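**Q** Sequence:
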Amino acid sequence: MVTSTTTKKKTKPKVKRKPAKKNLVIVESPAKAKTIEKYLGRSYKVIASKGHVRDLPKSSMGVDIEHDYDPHYISIRGKGDTIKELRSAAKKAKKVYLAADPDREGESIAWHLSHILKLDPNDDNRVVFNEITKDAVKESFNHPRSIDMDLVDAQQARRILDRLVGYSISPLLWQKVKKGLSAGRVQSIALWLIIEREKEITAFKPEEYWTIDSEFQKGRSKFKASFYGVNGKKKDLPNNEVVQEILKQLDPKAPFDITKVTKKERKRQPQPPFTTSTMQQEANRKLNYRTRKTMMAAQQLYEGINLGKEGNQGLITYMRTDSTRISAIAKHEAAQYLHNELGEQYAATKPIKGKLPEGAQDAHEAIRPTSVFRTPDSVKEYLTKDQFRLYQMIWSRFVASQMTPAVMDTMTVTIEQNNVIFRANGSKMKFDGFLKIYGDGKEKDNLLPDLAVGDQVDLVNNNPDQHFTQPPARYSEATLIKTLEEKGVGRPSTYSPTLETIQRRYYVKLVGKRFEPTELGEIVNSIIVDYFPDIVNVDFTANLENELDEIEEGQENWVKVIDEFYQPFSTEVQKATENMEKVQIKDEPAGFNCDICGAPMVVKMGRYGKFHACSRFPDCRNTKAIVKEIGVTCPKCHEGQVIERKSKKNRVFYGCSRFPECDFVSWDKPVGRNCPKDQHFLVEKKIKGGTQVVCPNGDYEETPQK
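The opening residue of the sequence shown carries number 1 in the UniProt record's numbering; numbering runs sequentially from there.
Misleading hints may appear alongside valid ones.
Here are the computed distance ranges between Cβ atoms for each label pair [claimed, not checked]:
1) 336 with 526: 35 to 45 Å
2) 701 with 412: 16 to 26 Å
3) 497 with 412: 45 to 55 Å
4) 311 with 344: 32 to 42 Å
5) 698 with 636: 15 to 25 Å
6) 463 with 257: 16 to 26 Å
7) 142 with 439: 37 to 47 Å
8) 473 with 538: 11 to 21 Å
9) 688 with 617: 44 to 54 Å
10) 603 with 526: 19 to 29 Å
Taking lysine to any residue and the SDA-like style, the derived pairs with C-alpha atoms no more than 25 Å apart in a straight line are [what the hints assert, rightly or not]:
11) 350 with 328
12) 260 with 449
13) 509 with 519
14) 84 with 56
15) 118 with 81
16) 91 with 141
17) 21 with 47
18) 513 with 605
19) 134 with 311
20) 253 with 418
21) 513 with 523
22) 509 with 478
23) 95 with 81
24) 91 with 120
25) 513 with 646
26) 482 with 351
27) 260 with 455
Hints were generated in silico from the structure; no laboratory data involved.
Computed from a predicted structure; not experimentally measured.
Note that beta-carbon positions come from the ideal geometry of N, C-alpha and C, so glycine has one too.
Given only the sequences and the hints, what does the whole structure look like? Please build it.
**A** So this is what it looks like as structure tokens:
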């Protein structure tokens, strides 16, 4: 029997290939990392440093004044795991790219990252992009550059200057006033401006003035006109005696003559797209957003939003900029959108150019949508309410800036009798232009009847009215930012933290959306004004900002700039240390005794404002919040009093004084009466121009009160 054997072929063992090394990209935030990784593909790994990884120590000055102000940087506490992850990823990477934000702060973060990862700062490993879109990100990786040390030096100089000021003055304030206080370059100017405005308001003396608004009639048409002057000249009405003299010259039964009719076409130009400052101001004015809220929402829109099938997309360009410049591509897209959606008559051939503020760096484009075709409505479902409202405002402002002006037909009519002159102004929208996209609701037609020189009109009635001049308004967030920018103090990235700091230190408080200085703020300001006049000198601070810009441009040496500031400043610090007397903030009697030990209670000044405390502190540590009763019994328990409280975000609400036994709360102020329809407690709501008492259930409302 023959048997056949078959030989098995020997198979070669599979060789495990090492996975190809990836390029590592380091950005600041996880949201930004997610968006960019999608654009770059599989050969890139993108991770976040979560902001700065190194900084000056908190426990000491951290600046070697004797050796050219050499900064002593340390790893930020709590960043150990992040640094470990970054180092591990860098060792495995084919190449490391540093893609922090395109500004001084971002350049500084990239420089610190190169240090902890032992990268060569002269290597071409820095990539920057003004918008997080696929094209912009990919293009930036085609042109990497080395770290710009001029930008790093400018940021380092600012950080060291702020450290020298803060860590020199703050200990003095702790020693001479109370613990927990601080001072800084920009925040001291902001506080000074608020206090100077308060002095103007206190010193203001109202002056009386009058107006005469009259109603005239031609045929069936009635219209209004206002007193202008006498004998061809404008005349003021300082008091009622002058008003009565004017009225005596008039014959109410006799006709008035139309002596002049002027018709003009007036154009209203659109505003340029947003800078950081104008965005913060407009969001505060239009959306009632605090500066911090605006910047947080803008950061999210810039870093990327998940748009469903489209994945993560950056919706706006970089939101820290002082430029109104727009790229040619963005202008072309806007023109295309306007031609397609509204018609060529709405697309400007030469869009408006904004005027840059003095000292503007013009490093980046204005804030605009990354794609004008991504309309607010098309992305609304993917955005939070705050994100949507801000995006809608940014998108509309940009599109409007590329549109034609609005055109108004205006008409001014001069009316006379016995040498007494009245004037009436009318207007009619001829072409809405940019207002079709970005109107503010003030463009209502004010039509006058068809009038010509030689026509006569009849007087219907006169309405003389007394007025008094008003003091200058306190600063809102928007107007304070605008003033700081106009004076050249601070830069776009500094405004939000500055306003946060002066409120957190309780130097100022927001009352009705306006800043009012506190007693503590006035004490700190008076010390700085007396002992450190340069710190609150607007021109001096603005010039220092310009020198920081010159460092960025490579025209100035950062050590020289700091030394020229510090030498005279250190002399002022020495004098203040020797001469400043300790400030006693006297405790006010509270008017009642401690319910624990029986000693008198006093009003103390704390970090978050005034509070009641036992006068025997620290032997007795009893404290109570200062509450404001509104004179209404709690509608829920009928025992406690309704008191005014404040939420963590400083928003006023109303609650029961017996909390936590009674959990009654209301955002609106109860008025102490019940609804005649369902017996629910009534509340007072704020409406435009006054208040209105309503039922929260919506079944009842009273006449609004002005």
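**Q** For every hint, state whether the structure bears it out.
**A** Results for each hint:
1. 336 with 526: 35 to 45 Å: violated, 58 Å
2. 701 with 412: 16 to 26 Å: With Cβ atoms ~41 Å apart, the hint is violated.
3. 497 with 412: 45 to 55 Å: holds, 48 Å
4. 311 with 344: 32 to 42 Å: holds, 34 Å
5. 698 with 636: 15 to 25 Å: holds, 20 Å
6. 463 with 257: 16 to 26 Å: holds, 21 Å
7. 142 with 439: 37 to 47 Å: holds, 42 Å
8. 473 with 538: 11 to 21 Å: 20 Å Cβ-Cβ, so the 11 to 21 Å window holds.
9. 688 with 617: 44 to 54 Å: Because 46 Å falls inside the window, the suggested range holds.
10. 603 with 526: 19 to 29 Å: holds, 21 Å
11. 350 with 328: Holds, at roughly 12 Å.
12. 260 with 449: OK: residue 260 and residue 449 at ~14 Å, within 25 Å.
13. 509 with 519: Answer holds: residue 509 to residue 519 is near 11 Å, not above 25 Å.
14. 84 with 56: holds, 20 Å
15. 118 with 81: holds, 17 Å
16. 91 with 141: Holds. Residue 91 to residue 141 sits at ~20 Å (cutoff 25 Å).
17. 21 with 47: holds, 15 Å
18. 513 with 605: Between residue 513 and residue 605 the Cα gap is close to 22 Å, so the pair holds against 25 Å.
19. 134 with 311: Measuring from Cα to Cα gives roughly 12 Å; hence the hint holds.
20. 253 with 418: Measuring from Cα to Cα gives roughly 13 Å; hence the hint holds.
21. 513 with 523: holds, 23 Å
22. 509 with 478: OK: residue 509 and residue 478 at ~15 Å, within 25 Å.
23. 95 with 81: Given pair residue 95, residue 81 holds - Cα atoms ~21 Å apart, limit 25 Å.
24. 91 with 120: holds, 14 Å
25. 513 with 646: This hinted pair holds, its Cα atoms lying about 14 Å apart.
26. 482 with 351: Since the Cα atoms of residue 482 and residue 351 sit roughly 24 Å apart, the hinted pair holds (cutoff 25 Å).
27. 260 with 455: holds, 10 Å
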